[in-house]
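Participant: Chain by chain, the residues:
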Amino acid sequence: MSAAEGPLRHMCDGLFLRCVSVSTPSVSWYESVRPRKTPSPMEPNNDVALDIIITNVVAVFRTRCHLNLRTIAREGSNVIYKPEVGKVLMKLRKPRITASIWSSGKIICTGATSEEEAKLGARRLARCLQKLGFKVKFTDYKVVNVLAVCTMPFQIQLIEFTKNNRPIASYEPELHPAASYRIKNLKATVQIFSTGSITVTGPNVQFVATAVEQIYPLLFECKMAAR
Amino acid sequence: MASSANSHPLPKLYKSVIEDVINDVRELFLDEGVDEQVLVELRTLWESKLLQSKAVEGFHNDEHQQVLQAQREPVQVQQPPQQNQNQQVIPPATQQVPQQQVIVQDSKILQHVNASGMSAAATAATLALPTGVGPYQQLVTSQGQVLQLMRVPNGTQYIIQPQQHVVLQQQVLSQMQPGGVQGPVIQQVLAPLPGGIPQQTGVIIQPQQIVISGNKVPPNTQVSTQSPTCVQPQAQQQPPVVQPPVMLQVDGTGDTSSEDEEEEEYDEDEEEDKEKDGGEDGQVEEESLNSEDDVSDEEDQELFDTENVVVCQYDKIHRSKNKWKFHLKDGIMNLNGRDYVFSKAIGDAEW
Numbered sequence: 001m002s003a004a005e006g007p008l009r010h011m012c013d014g015l016f017l018r019c020v021s022v023s024t025p026s027v028s029w030y031e032s033v034r035p036r037k038t039p040s041p042m043e044p045n046n047d048v049a050l051d052i053i054i055t056n057v058v059a060v061f062r063t064r065c066h067l068n069l070r071t072i073a074r075e076g077s078n079v080i081y082k083p084e085v086g087k088v089l090m091k092l093r094k095p096r097i098t099a100s101i102w103s104s105g106k107i108i109c110t111g112a113t114s115e116e117e118a119k120l121g122a123r124r125l126a127r128c129l130q131k132l133g134f135k136v137k138f139t140d141y142k143v144v145n146v147l148a149v150c151t152m153p154f155q156i157q158l159i160e161f162t163k164n165n166r167p168i169a170s171y172e173p174e175l176h177p178a179a180s181y182r183i184k185n186l187k188a189t190v191q192i193f194s195t196g197s198i199t200v201t202g203p204n205v206q207f208v209a210t211a212v213e214q215i216y217p218l219l220f221e222c223k224m225a226a227r
Numbered sequence: 001m002a003s004s005a006n007s008h009p010l011p012k013l014y015k016s017v018i019e020d021v022i023n024d025v026r027e028l029f030l031d032e033g034v035d036e037q038v039l040v041e042l043r044t045l046w047e048s049k050l051l052q053s054k055a056v057e058g059f060h061n062d063e064h065q066q067v068l069q070a071q072r073e074p075v076q077v078q079q080p081p082q083q084n085q086n087q088q089v090i091p092p093a094t095q096q097v098p099q100q101q102v103i104v105q106d107s108k109i110l111q112h113v114n115a116s117g118m119s120a121a122a123t124a125a126t127l128a129l130p131t132g133v134g135p136y137q138q139l140v141t142s143q144g145q146v147l148q149l150m151r152v153p154n155g156t157q158y159i160i161q162p163q164q165h166v167v168l169q170q171q172v173l174s175q176m177q178p179g180g181v182q183g184p185v186i187q188q189v190l191a192p193l194p195g196g197i198p199q200q201t202g203v204i205i206q207p208q209q210i211v212i213s214g215n216k217v218p219p220n221t222q223v224s225t226q227s228p229t230c231v232q233p234q235a236q237q238q239p240p241v242v243q244p245p246v247m248l249q250v251d252g253t254g255d256t257s258s259e260d261e262e263e264e265e266y267d268e269d270e271e272e273d274k275e276k277d278g279g280e281d282g283q284v285e286e287e288s289l290n291s292e293d294d295v296s297d298e299e300d301q302e303l304f305d306t307e308n309v310v311v312c313q314y315d316k317i318h319r320s321k322n323k324w325k326f327h328l329k330d331g332i333m334n335l336n337g338r339d340y341v342f343s344k345a346i347g348d349a350e351w
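Chains A and B supply the protein sequences, listed in that same order.
Per the working numbering, the first sequence starts with residue 1, numbered consecutively.
Per the working numbering, the second sequence starts with residue 1, numbered consecutively.
Since the hints were made in silico from the structure, they are not lab data.
Yeah, the Cβ is synthetic: ideal placement off N, Cα and C, and Gly gets one too.
One thing to keep in mind: the hints can contain errors.
For each label pair, taking beta carbons as the anchor points, the in silico distance ranges come out as [claimed, not checked]:
id : chain 1 : residue 1 : chain 2 : residue 2 : range
1  : A       : H176      : B       : S343      : 45 to 53 angstroms
2  : A       : R74       : B       : Q313      : 43 to 51 angstroms
3  : B       : I317      : A       : R166      : 46 to 54 angstroms
4  : B       : K321      : A       : E160      : 33 to 41 angstroms
5  : A       : K82       : B       : H327      : 14 to 22 angstroms
6  : B       : K321      : A       : S104      : 39 to 47 angstroms
7  : B       : V311      : A       : I168      : 53 to 61 angstroms
8  : B       : V17       : A       : K94       : 30 to 38 angstroms
9  : B       : D20       : A       : R74       : 43 to 51 angstroms
10 : A       : E160      : B       : A349      : 32 to 40 angstroms
11 : B       : W324      : A       : E84       : 16 to 24 angstroms
12 : A       : N68       : B       : H327      : 26 to 34 angstroms
13 : B       : K329      : A       : K163      : 55 to 63 angstroms
14 : A       : K187      : B       : N308      : 48 to 56 angstroms
Not the full set, but computed from the structure, chain B residues with beta-carbon under 10 angstroms of chain A [stated by the list, open to error]:
id : residue
15 : S288
16 : L289
17 : N290
18 : R319
19 : S320
20 : W351
Chain A on its own, in the form it takes in the complex (with noise of 0.2 angstroms):
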């Protein structure tokens, strides 16, 4: 499957960044978090163009019905019954995604790579419960998180970034190898590694690109090195 890409945007002056969904990822995971230096006859040579990989969108929204668990394990197909949490999953393979389910009719869509794909898995999903003969709508759809990944040409100095940005963002090394930065405003949160790999987590693909291109500089201020 091709990767479906945003706009490239022209961050602030060098920096290029671009969303990327890999649905099912064609080439290495290693080729695929590598930066792409993309120089182009418009942009200079010493411009970077950062790729956004999102993988993974959560989405809810509501049946506004009952759903009789039990009945969806016993007629629903790829699904797997937790009676211990009280909940059902289906899982679907065209969307590869995975939905919670509860008998409130309140389901959670995760595993989709792009907003677009978590809405048309969500509806696909909903479809499916209305065939088991349940009386669904799909209502309240939202998308509550997104989670991508990024990687920084270079390497980074966690310690001294911990200290220019002190409380902001916060590093234990011994409970966890990365710094994590949590833009308040955009609800985002940034996990820092020392290798220049980077995740962000936020309620949606716009605001992540934001806080990637939010914290870039404060994150090239404390490279270690260039790669």
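With chain A held as given, fit chain B onto it using these hints.
Facilitator: Same frame as chain A, now just chain B:
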């Protein structure tokens, strides 16, 4: 004998299951006032169904046959032409061999047979024919009739016949005279039996259909029931909400010119229309799930067409992403029409 037991563990197992069930149930049947004959008939029908389904490799009677053959090797009583793939002729050395033997010929339809009384003539005919050989059992199946000659360990004999004795006798005669049956019984009775043979569905247990995986419900039935109900709520929502038009006083002191009236009515109508459209659009976008057809149901249906069934208990089932690992125990499988049994099974699968 031992080798036969090892090479055919499944028939042995099934036969022991049948024996246990029949023996345990005998008392209950007698308590209920049900005749022993019904029990015997149950057993024969069970075994014949098993044989007919070919779900078990080798007959139940393989073992017995080999035992008998070992016993009477010096006595050559064989009728080779009778040997059919599905038919066995077992001439016991003596009449006191306490064995139950059922032979089934190729039959496509096995129907339940009422244990009717046997007529002396029919008995004589069926028993008299193979006089040179000694009494043996033969099951003749025509298109809808089952003839079974059985010996129960207590020595009594039962003949279970369909109602139409005469026809059967003729058939049997025609078979026996050439000295053998080459293939399936000549099926001269084409018409289904009259209602003299009631179905005994409650009595028959079909071990090869113990559990049917009900994982996949054919969507057709559900869709058809669902679509009318889906249409109705939508039909209810979609007709526009009609607000009663404001009644303007035309005459009297509130007399207004016709132009003013029309303008006011236009404004109100436009507002109503906008509200209607906005409301409808929101509902349509949110709810019309009918447009998502092509949920690729067909792939799953194709996969399920095979109907290979495994009924078992599990020790552990594990999944990582789409890799599954199964640790199963105590199971019966029906794969490609054949029955298998296992006490432990380990499997890997990718979804």
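Participant: It remains to establish, for every hint, whether it holds in the given structure.
Facilitator: Status of each hint after checking the structure:
{"no.": "1", "hint": "H176(A) with S343(B): 45 to 53 angstroms", "in the structure": "holds, 46 angstroms"}
{"no.": "2", "hint": "R74(A) with Q313(B): 43 to 51 angstroms", "in the structure": "violated, 18 angstroms"}
{"no.": "3", "hint": "I317(B) with R166(A): 46 to 54 angstroms", "in the structure": "holds, 49 angstroms"}
{"no.": "4", "hint": "K321(B) with E160(A): 33 to 41 angstroms", "in the structure": "holds, 37 angstroms"}
{"no.": "5", "hint": "K82(A) with H327(B): 14 to 22 angstroms", "in the structure": "holds, 19 angstroms"}
{"no.": "6", "hint": "K321(B) with S104(A): 39 to 47 angstroms", "in the structure": "violated, 28 angstroms"}
{"no.": "7", "hint": "V311(B) with I168(A): 53 to 61 angstroms", "in the structure": "holds, 59 angstroms"}
{"no.": "8", "hint": "V17(B) with K94(A): 30 to 38 angstroms", "in the structure": "violated, 44 angstroms"}
{"no.": "9", "hint": "D20(B) with R74(A): 43 to 51 angstroms", "in the structure": "violated, 31 angstroms"}
{"no.": "10", "hint": "E160(A) with A349(B): 32 to 40 angstroms", "in the structure": "violated, 49 angstroms"}
{"no.": "11", "hint": "W324(B) with E84(A): 16 to 24 angstroms", "in the structure": "holds, 19 angstroms"}
{"no.": "12", "hint": "N68(A) with H327(B): 26 to 34 angstroms", "in the structure": "holds, 30 angstroms"}
{"no.": "13", "hint": "K329(B) with K163(A): 55 to 63 angstroms", "in the structure": "holds, 59 angstroms"}
{"no.": "14", "hint": "K187(A) with N308(B): 48 to 56 angstroms", "in the structure": "holds, 50 angstroms"}
{"no.": "15", "hint": "S288", "in the structure": "holds, 8 angstroms"}
{"no.": "16", "hint": "L289", "in the structure": "holds, 5 angstroms"}
{"no.": "17", "hint": "N290", "in the structure": "holds, 8 angstroms"}
{"no.": "18", "hint": "R319", "in the structure": "holds, 8 angstroms"}
{"no.": "19", "hint": "S320", "in the structure": "violated, 13 angstroms"}
{"no.": "20", "hint": "W351", "in the structure": "holds, 7 angstroms"}
When the structure is compared with the earlier hints, violations turn up for hints 2, 6, 8, 9, 10 and 19 and for no others.
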